[in-house]
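In order, the protein sequence lines correspond to chains Z and Y. Those letters in the first sequence? Residues 1 to 200, by my numbering. Those letters in the second sequence? Residues 1 to 409, by my numbering.
Please note that a few of the clues may not be correct.
[Unchecked claim] Pairwise CB distance ranges, derived in the manner of DEER restraints:
(1) Y:381 to Z:194: 50 to 60 angstroms
(2) Z:41 to Y:149: 55 to 65 angstroms
(3) Z:8 to Y:140: 49 to 59 angstroms
(4) Z:33 to Y:401: 36 to 46 angstroms
(5) Y:57 to Z:6: 47 to 57 angstroms
(6) Y:51 to Z:52: 36 to 46 angstroms
(7) Z:55 to Y:51: 49 to 59 angstroms
(8) Y:237 to Z:182: 50 to 60 angstroms
(9) Y:31 to Z:194: 51 to 61 angstroms
(10) Z:21 to Y:364: 56 to 66 angstroms
(11) Y:307 to Z:191: 28 to 38 angstroms
(12) Z:21 to Y:93: 33 to 43 angstroms
Hints listed in this document are in silico derivations from the structure and should not be mistaken for laboratory results. Virtual Cβ for every residue (Gly too), placed ideally from N, Cα, C.
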Amino acid sequence: MSQTLARPVSNLIELLSRLPGIGPKTASRLTFYLLREPNGLAEALSTALAALSVGTVLCQRCFNIAEQSPCPICADLSRDQTLICVVEEPMDVLAIERTGAYRGIYHILHGALSPIDGVYPEKLRIAELMERVRVGEPREVILATNPSLEGENTAAYIYQQLQTSGVSITRLARGLPVGGDLEYTDEVTLSRALEGRRSM
Amino acid sequence: MRLNHLSLTNFRNYARLELGLSDRLTVFQGANAQGKTNLLEAIHLLATGRSPRVGAERELINWLALESSLPYARLVAEIGAAGDAPTERLEVVLELARTPAPGGGGGNGPVVRKQVRINGVPKRGLDLIGRLRVVLFLPEDVSLVAGAPTERRRYLDIALCQISASYCRALGEYNKVLSQRNALLRRLRDEGGDSGQLAFWDDQAAEHGSVLLQRRAHAVSELNRLAAERQRDLTGGAERLQLGYLPSPDPAKVIASRSATGGDRFAFETAAREQTAGWLLAHLRATRGRDVAAGSSLSGPHRDDMAFTVEGHDLRTFGSRGQQRTAALALKLAEVQMMREATGDMPLLLLDDVMSELDAIRRRTLLDALAQVDQALVTTTDWDDFTPELLAQARRWQVAQGALERVTA
Ligand SMILES: Nc1ncnc2c1ncn2[C@@H]1O[C@H](COP(=O)(O)OP(=O)(O)OP(=O)(O)O)[C@@H](O)[C@H]1O
Ligand SMILES: [Mg+2]
Ligand SMILES: [Zn+2]
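Here chain Z stands alone, though its shape is the one from the complex (with noise of 0.2 angstroms):
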């Protein structure tokens, strides 16, 4: 960063630029643009950030991102306690949720096994996975990762261990999108598509 630059706008260029997916270019564009934007947004923008941390906490149960713990969907007894959708991220709970078309609880693994990149199972909430089966013997356990290599091989680990359980475990169909035409379908998706066919 060149010495020109006060030390305060070198050093948020600096900061958001370790952001995942904004580079040298959009943060030093982001960092002058608080600088002259007059509403305030840059004193909100920090006390959002400072609240990040002290006003969050994870959920003990799903391990989601909450303000108390328990967070509000395994505080809702009107949700099927039995059942449990194991995601990777929380973001997925939202996605999940959006749907509307989900009444059980969840378990966020904070991310997905990858030996290149070190995470190994006890990197993820696994090991309390295996404690909330055992102790709380859910009926279903629904694997939600994604279908991605890492994804596929975190299922297929926590299918292993909790094999022995006797908790039922399915893993999420997966499907065509929704409006996807059948013949512009690539072969893995359609071949999956077909894998996870049912009964009509």
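Chain Y with the ligands: place on chain Z using the hints.
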């Protein structure tokens, strides 16, 4: 499929090039270091997503452009079937991003981002392959025979990827699985842990690896048949060339009792893909201890090789330079034929200054091949490498310092 137009921006020593390629045969002549190979390199990159040269991708961007604030190179190929079928536009943009890789500690300098577009729509690099099929002949092809096994695997992979999208996908997946499996093996060796974590990666390696083993076995036996014919032409029947697939794991070396075929040697050629996957999986499981002790995958198609023998003698060790060169040429000519048989379409031939290395009979064989393809781009330092008759059929260009000039006389 034909290459109708090539445009280059800031690629190597071409600041700007617009080149119409409507002719069947185009010959580029130029002194050394003028940009002949660069031209064929660009076409190879558009066809396969990769440069045939080893080296950093940033070297592909024009040096002057590297000085600018947003250095990039752009390559565009317009391809189409003969006649007035709609053309397809393949585009590769190489951009120098000064950001360090995300998550990395920085310090590894600028990275080249490769963007692919097909008809203007962003695509993955993989999607490029197989649209414009090329076979490239280089003077250094001799190292296909004499060089390291990596070169032969790379060669087979590029040929097979151009023929089959599913091979290409399996290769990509296998490589990803392999690096994950190796990372896990290293950790198990260094820190111990539950080797049950390998189960998933074994399954995946067997699933995708079996595709590679089978397709390569099939391809090498095809190439063997076709290359033997070409070798006959090239040597006037004096030498019989044999190509052999050396797979890993090698069924000839794996204890037969383990295979599902009940003691017989396992044969990829006759096995169903699932059987090969099962066989490979059984091998990976049986040798898991060795892999853990080594901290890496000791067997699998990433260790494959190919053998060239003439009358039972291994050309790699016993062949003369000339014999090795001839075998490499026979292999490339066989590849042209294999591509045609597999796809029903002649590949685009790219010959980079190969004539000067060959004697009269080999030249004639190569020229025969040239006469049979739908399109060929040929470079030379010397017009005299070609007969006047051939030159009369060709569109001719002179290459000097990254610029082309039409030669008509
Ligand atoms: N990134 C780059 N920017 C500018 N010039 C480059 C770049 N990379 C290579 N060159 C130049 O390209 C030239 C080499 O081009 P090329 O390899 O196509 O030569 P050639 O015509 O095939 O020569 P030969 O007959 O020796 O094989 C050299 O002059 C080299 O300096
Ligand atoms: Mg050259
Ligand atoms: Zn919760």
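Which hint numbers doesn't this structure obey? 5, 12
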